Amino acid sequence: MTDYAIEASDLVRQFKNGPRAVDGIDLGVTAGEIYGFLGPNGAGKSTTVHMLTTLLPPTSGTARVAGYDVVTEGQNVRAAIGAALQEAALDPLLTGREHLRLQASLQALPRANRNERADELIARVGLTHAADRKVRGYSGGMKRRLDLAMALVHRPSVLFLDEPTTGLDIQSRTALWDEVARLAREDGVTVFLTTQYLEEADVLAGRVGIIDHGHIVAEGTTDELKAQVGRPTVEAIPDDPEDTPRLAEIFAGFGDPCGSTKGVAVRLRTGDTDLADVVRALDGAGIAVANLQLHQPTLDDVFLAKTGRSLEGSDEEETELARADLAAEPA
Amino acid sequence: MNTLADQVFLLARRSVVRTIRQPANVVAPLLFPMMLLAVNSGGLNAETRLPGFPTNSFVAFALAVPFIQGALFATMNAGTDLARDIQTGFLSRLSLTPMRGIALLAGQLGGVMALGIVQAAVYLAVGLLVGVRLASGPLGVLVLFAFALLVTLGFGALGAFAALRTGSGEAVQSLFPAFFVFLFLSSMNIPRNLIETTWFRDVATVNPVSYLLECVRSLIITGWDAEALALGFGIATAVAVVSLGLASWALRVRMART
Chain A
1 MTDYAIEASD LVRQFKNGPR AVDGIDLGVT AGEIYGFLGP NGAGKSTTVH MLTTLLPPTS
61 GTARVAGYDV VTEGQNVRAA IGAALQEAAL DPLLTGREHL RLQASLQALP RANRNERADE
121 LIARVGLTHA ADRKVRGYSG GMKRRLDLAM ALVHRPSVLF LDEPTTGLDI QSRTALWDEV
181 ARLAREDGVT VFLTTQYLEE ADVLAGRVGI IDHGHIVAEG TTDELKAQVG RPTVEAIPDD
241 PEDTPRLAEI FAGFGDPCGS TKGVAVRLRT GDTDLADVVR ALDGAGIAVA NLQLHQPTLD
301 DVFLAKTGRS LEGSDEEETE LARADLAAEP A
Chain B
332 MNTLADQVFL LARRSVVRTI RQPANVVAPL LFPMMLLAVN SGGLNAETRL PGFPTNSFVA
392 FALAVPFIQG ALFATMNAGT DLARDIQTGF LSRLSLTPMR GIALLAGQLG GVMALGIVQA
452 AVYLAVGLLV GVRLASGPLG VLVLFAFALL VTLGFGALGA FAALRTGSGE AVQSLFPAFF
512 VFLFLSSMNI PRNLIETTWF RDVATVNPVS YLLECVRSLI ITGWDAEALA LGFGIATAVA
572 VVSLGLASWA LRVRMART
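Same order as they appear, the protein sequences are chains A and B.
FYI, in the numbering used here the residues of the first sequence are 1 to 331.
FYI, in the numbering used here the residues of the second sequence are 332 to 589.
Here chain B stands alone, though its shape is the one from the complex (with noise of 0.2 Å):
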């Protein structure tokens, strides 16, 4: 008998082995958000002159922006195979199997995880090669990738649990210039404290993304800081925590064999 472990180990290789095959799968996301990098580095620069910008180098600043933009990735990816495997009845073939359905979810995320770690050490190498340092040291680096591994999670199961709930992998992408809108109402581009503009302020303020990218900033820029660390890890697991629920609802609705 196949256990649980083994069902998702199987089914997280397929996940991990549909991506490699899919090379724009896999160039997009480590492509596009360095390409911002580039472009926002470049244009904002002055801005690390402003009074409380809380470092000299933009890079160090936006280098937290492509760990959010890749689990948006993240998303696209596991949402759209999952559609595929729906639109192709491949999902019931599996559901013939004596395969959980949980298995399935988990192989699919592990995968999508898998890929999260790649895209994370990338970001991280790019970071590095350009010259900015990890406040937090060696450890913030263990830390950096744990919490990216999580935001990946939680939002590669929104993009599950959309899949499963329309079944189309349009419906899936047309999350992605969704998600981006509150990437750009967040502190992506400038410290909260210092966006003058006060509906943009009260925005990014109750945008949970800012949090997820000052989370990824303290540990680049400030060091050890509780609060943001706090914040960030709070809402990236209440995400996860949620997207995962409604993603094994929609499973369990999707997969309803007797």
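Okay, chain A solo, but in the shape it has when bound (with noise of 0.2 Å):
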């Protein structure tokens, strides 16, 4: 029980008149590790994170962080724990080096390192050249490295992330993505970090719990959450568009046929070690392929299978990928 930082049983949230936000999860997060709670909007993930960071009471069931009690404790969780709630909580008034000076003394910092602490987390996200300018005029990732570094003036040993990436472009994203992995890897910090992205919970996650309407529905490393649906796709797009019905008979014979927009699509029957049977009976049976490609499933996969749908913002995620990855084409 107590190797945990997090630890959740049962743990319900049910609001007045309202539905069951959090449905009776279970969790148990071990120290240094990024958990990835991943889940559309409305799934519950906030209201987890809330009653985790004591700022929302649980209705029922316990839940204890860096081995304190949320409910009895949360004095002490809450000198345990960094937080950088959905919206970057910041005042638009006051310059990126006051906040971090007020929260370490609110913190309770001792005076002689308060500054010293200010400056020096200021630098480790990059905002020293815009340190002294109110932040009314910060950009959105930029206000979110802030957020991140008040959330670390007093050397947390449990981190809570709730959906920091939203909104950020993509270079903002990876920038708090080498963060929050540095934290984890060097200073030991447990993250636990809330996302409806699936790349964020692939890249940075050790382990992924999957929420929908309050319940956890899989929970595992990105890898075993694949695995459970997770056979391979290969997808083929013929050279010449008449060769398609006798591309469409050899896959028929690897596996079952699945959606392609372009060329010919089949879900492999026993693994990806199959790919190069497919690549000799295609070349035995003379048909010239433009393209051939081995898709892993992802995690939407997993959500679609664990749910029946596919995940919110996943579209708008690709999408913006996708763009990225454009840009990064060379002319």
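In short, the hints are calculated from the structure, not lab data.
Since the structure is predicted, the reported quantities are computational estimates derived from the model, not experimental observations.
Don't be surprised by glycine CBs; every beta carbon is placed ideally from N, CA and C.
Among these hints, one or two may not hold up.
Using C-beta positions, here's what the derived DEER-type ranges look like [as the list claims (entries may be wrong)]:
id, chain 1, residue 1, chain 2, residue 2, range
1, A, 185, B, 572, 48 to 56 Å
2, B, 509, A, 32, 54 to 62 Å
3, B, 448, A, 72, 54 to 62 Å
4, B, 569, A, 120, 45 to 53 Å
5, B, 576, A, 155, 45 to 53 Å
6, B, 502, A, 137, 24 to 32 Å
7, B, 367, A, 120, 27 to 35 Å
8, A, 3, B, 448, 51 to 59 Å
9, A, 137, B, 362, 24 to 32 Å
10, A, 133, B, 448, 36 to 44 Å
11, B, 358, A, 185, 30 to 38 Å
In silico contact screen, one side only, chain B against chain A (beta carbon under 10 Å); selected entries [claimed, not checked]:
id, residue
12, 342
13, 344
14, 352
15, 412
16, 415
17, 419
18, 420
19, 422
20, 424
21, 425
22, 428
23, 430
24, 434
25, 579
26, 583
27, 584
Combine the two chains into a complex, taking the hints into account.
See below:
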């Protein structure tokens, strides 16, 4: 029990005259782990974070963070955690440096260390150039980085990040991912990260919990989760469109046909070792292909398999990543 | 460990800094009451010839109004700043620090009261510049400042209460016209005993704002009027106690951390 940095048992939050936003979840996050809490809008992610950070009392169930009970030892929990909640919680009229100094003072850091700690964090999140500018002039990414810095002022052992990259451009998002990964890797900080971005969970999280309608519907490492639903898909586009029926006939021998907009696709029956056999079969039949791709299962496939629908925001995510990929391509 | 006093000081300083960085929040409480004073003094000066009017200087009579009107601006400043903290999530961030809830309220109101002192000093300086002399003398100036602070505290706490209950700056701002109605239905422009319209005199008599004005006015015009001071300070204290109680309760509800 006490090995977990975050643990919850049958945690419930029922709002007055409303639904059960969180409906009996169990969690166990080990120290130094990055745990991704993935789900669509309204799934219960933020409500869970609010309960674990003592901002919202649970209706029932128990939860401990950094070894302290969130209901009876709230003050100890708050002393051990840092949190960057869904909106960057900043005062538009204060500068970045003033924010960090105020936070350092309210967190009761020794007077002699406050300015030094503020300057150190400003540098770490790359805001030195803007430290003395009022926050209302910051971009979304700068606000998020300052928000993260404020959560780190008192060197928390557990960090809660509630959709930290929502609305950020890909560069800002990547910079934040790097910092979060570094915190876990070098400082041993336990990170509880909620997100609706599949890529974010995939890149950052050691383990992922998928929440939907207040329930955790799947949990494990990203590889484990993909393996649960997961057989890879092979997709091919023939050079000559007239070869499409023959291509489909050959593919049918390797697994179950699945949708493809431009060519033919099949979900492999026994794993991606069959890819070589696919290539040999195409060669043997004399079918030339313009494109042949192996698609690994995604977390969206997992979400689809567990809930029967696709994760909200994934389209936006894919579009944004696609744009970034295009931008990265040499002219 | 931070003491409560440290926390209050930090948050009061933040409140002052925020106010200074919003020039409209500094200029409006200084400029508008002075403009109203100038307009009323010019237009209503003939009132001083009414039998029974307590002074031959309408400016001296009307100088009480800015002190109360300025306190109404304190309601706006305290309330809208706090509402912004709620809307931006800054209050949640503060809730995650070891800060005591009461420090937030005290700090916010401390900043508003600091501005209240500046306002009172400006109103008084303008009055002295145009020839008003306080009948209560130098000690009266101190009492006047103490009263202005008490009224600012009471109205500021009402603004904080509205912000904490609604979480909306717009809701706080909607209080301003309502408070102005109280001001206009008081003895703001004429002594109560000279109001001839019965319903207006009755409304002004039950309107607590009349007694706040008359308290200030007594220090300027009469000297030491125990009844006016007792009523003024009594009502201002009651407003402050009730509004602080409501604001503290609303803060506890708003910051319902475990």
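Cross-check of the supplied hints:
no., hint, in the structure
1, 185/A with 572/B: 48 to 56 Å, "holds, 55 Å"
2, 509/B with 32/A: 54 to 62 Å, "holds, 56 Å"
3, 448/B with 72/A: 54 to 62 Å, "violated, 43 Å"
4, 569/B with 120/A: 45 to 53 Å, "holds, 50 Å"
5, 576/B with 155/A: 45 to 53 Å, "violated, 38 Å"
6, 502/B with 137/A: 24 to 32 Å, "holds, 28 Å"
7, 367/B with 120/A: 27 to 35 Å, "violated, 51 Å"
8, 3/A with 448/B: 51 to 59 Å, "holds, 56 Å"
9, 137/A with 362/B: 24 to 32 Å, "holds, 27 Å"
10, 133/A with 448/B: 36 to 44 Å, "violated, 30 Å"
11, 358/B with 185/A: 30 to 38 Å, "violated, 52 Å"
12, 342, "holds, 8 Å"
13, 344, "holds, 9 Å"
14, 352, "holds, 5 Å"
15, 412, "holds, 9 Å"
16, 415, "holds, 8 Å"
17, 419, "holds, 6 Å"
18, 420, "holds, 3 Å"
19, 422, "holds, 8 Å"
20, 424, "holds, 4 Å"
21, 425, "holds, 7 Å"
22, 428, "holds, 4 Å"
23, 430, "holds, 5 Å"
24, 434, "holds, 9 Å"
25, 579, "violated, 19 Å"
26, 583, "violated, 13 Å"
27, 584, "violated, 13 Å"
In this structure, the earlier hints numbered 3, 5, 7, 10, 11, 25, 26, 27 are contradicted, and the remaining ones agree with it.
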